[in-house]
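Student: Next come the chains, spelled out residue by residue.
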Amino acid sequence: MLRQSWFSVLVFFTLFLFSGCTNKPDDIQPFKPTPYLIEVPFPFPTSMNIPSDNPMTEEGVKLGRYLFYDGRLSGRTHPDSLMSCGTCHIQANSFEAGINHPVFQGGFVHGLSGEYLPHVMLPLVNLVWNFSGYGWNGFLFPDNTDQRFQNIEDFVRIGVTAENELMGDTNQVKNLFQGIKGYPELFGKAFGSEVVTFDHIEKAIAQFVRSLVSTDSRFDKYLRGELQLSPSELNGYVLFTTEDGADCFHCHGGSANPLFTTHLFYNNGKDTTYSDPFDRYSVTGLESDRGKYKAPTLRNIAMTAPYMHDGRYNSLDKVIDFYSSGVQLSPLIDPLMHHAVRGGVQLTMTEKADLKAFMLSLQDDDFLSNPNFSSPVSFPDEN
Amino acid sequence: MKTPKLLLIICIVLMLASCSKEPVKVEVKTGTVALKLLHTIDGNVFQKDVLLYQNRAGNQYQVSNIQWFLSDIELVNSDGIVVKIVKGDGVFYIDTDLHETCSVLLEDLPAGNYNAVKFTFGLNEEKNTSYRFVNPPESFMFWPDYLGGGYHYMKLNGKWMNTMGQLAPYNFHLGIGQNYYQKSSGLAHYFEFGSADSYAHCEGFNPPYTLPDVSSFVQNYFEVSQDLDFSIVSGSESSINVEMQIEKWFEGNPPYNHDDWGGSIMQQQQAQDIARINGQKVFRFSNENQ
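Residue numbers (the working numbering), protein chains in the order written: chain A, 704 to 1086; chain B, 4 to 293.
Treat the hints with caution; some may be incorrect.
Stated by the list, open to error - Computed beta-carbon distance windows for the label pairs: (1) Val48/B <-> Gly988/A: 17 to 23 Å; (2) Gly91/B <-> Pro754/A: 52 to 58 Å; (3) Gly61/B <-> Asp947/A: 25 to 31 Å.
Please keep in mind that the hints were generated in silico from the structure rather than gathered at the bench.
Quick caveat: nothing in here was measured; it's all calculated off a predicted structure.
We put the beta carbon where it would ideally sit given N, CA and C, even for glycine.
Can you build the whole structure from these sequences, using the hints too?
Tutor: Below, the structure written as structure tokens:
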């Protein structure tokens, strides 16, 4: 009987020990960030360019927003050396510098070294739907065999290190943020480790940039039946989407391509000779790609002057005048520019006004002032 | 002793009965057909952006790219049975700049002998609804609602040497055509109702109040059908070439002349009509394996 009791006690302890091994301590929480969901209204694309190794999370976007606007992203703390993405990418200007930028006169941007960018900026809007390449020449694209130049994450690294941008050092930047109170905890929540890495800095900012979605312009509301456009705006829309009108839609979309760009590259007849070392040819090496640049989105177009890759036009009126009568025919002009044989689409003054009125209906004021996209009131170490 | 024997007999009977109730497996023999889309001029795959070609009207011309929709493929077997392709809802986007789109794999097709192939060039009325595709590249093919909605059947882009000696761009874009009222009413006309104010092509949307001066729309898609003897062998892949003979878009009587039609034809139903007629002779099927 005694032997049987001892045996029972042994079995009990053994089971107790094993059960202790299988149970995790209560104080270790598994890393499980909250997925960030982009609301996609019909008929916006359902396919999005979100790399599998950088899924969007609430915590990642939150951290990315801080980093996007924190001037210490340059890796320096002296007030004269502070520079961040938000220094040039102004929300009110659709995340471009804009022609009214207080520092960069005329919208022409230079870095901390004083060196100017080779092209004017492109807006940071709806980039989550771009698969064709980032930048005026599309040098960053997902299928690029050079893995250093594939996506927005790479743009962050380039922006931080380039002489004509933040002119920083990635090690210096990550070490700086490691020591700023509040940031390591945010990295921990976003990526599961409080050790700051530049890879995680790239990923967080890229997540924030992908969250910059504009789907609520007057034209979007019109398509949803929420408001009516003016006769001038509607006439402009007809001009925009007809070959016999202004013929904009093949490159710049319309109701069924609400991105208002194809994100593709065209020679639109601005020039007949080409000397820019950063045109599409510089990416593909194809002679037929000389003088080609991305068709930018027309969302918030009024805020994104100066226009064209080199900022040659400082007003929308001048752009419309160019397409109306300033297009130059050349052997490399895109076939879609069929009006080039007569210098452009030849709009009357009224048609120009109508076309402009329609393009202004693509402005999304909610996007331009959305507090979720704006500079935070305070940074983590200021809380 | 009797009970175990009885149980044994019942068990054996039940087992046999259950065996006989198993469904008879009918092995459906299937094979695969790979459609290879070729785009040729005068029998050779066209050379992009090279002024090498001359059409029946005498225009020197070149081709940059072609994007088009092929839909509702049907294979007719020797018993007259029609096999309809339902993959991708029966719609395939072809783009000469996207190599992967120029080969269409049709799987799980009944093995047997076939003697005809049919398809629709473009999209029929049922399929050609606006906002059908929200993702690129198909969404980039949209045909504006003002012009009838839906999608381009085809964008064929290139240049020709015009009478001024200029290398002039042309957009041979096919889709829904329009008949217009007399253009004399100006802007006010956009707010009148015409017989074309049917928004079936943009279902799900509140239509614009702008009503066009279009009196009616014209469906310009057409069916392509050709005899072709081929076999689908169980477990094997057959290959069929679908060749778009580009030069034939510009033949006919009288031949299509770029100098007459200019650089754009989306709003020229007469040109669309010529393309629809010429299109009947544009496609040629061949079978590589047999």
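Student: Can you tell me whether the CB distance of Gly91/B to Pro754/A sits inside 52 to 58 Å?
Tutor: 26 Å, violated
Student: Against the range 25 to 31 Å, how does the distance between the Cβ atoms of Gly61/B and Asp947/A compare: consistent or not?
Tutor: At 26 Å between Cβs, range holds.
Student: Measuring from beta carbon to beta carbon, are Val48/B and Gly988/A in 17 to 23 Å?
Tutor: Taking Cβ atoms as reference, Val48/B and Gly988/A lie about 22 Å apart, which means the hint holds.
Consistency with the previously given hints fails for number 2 only.
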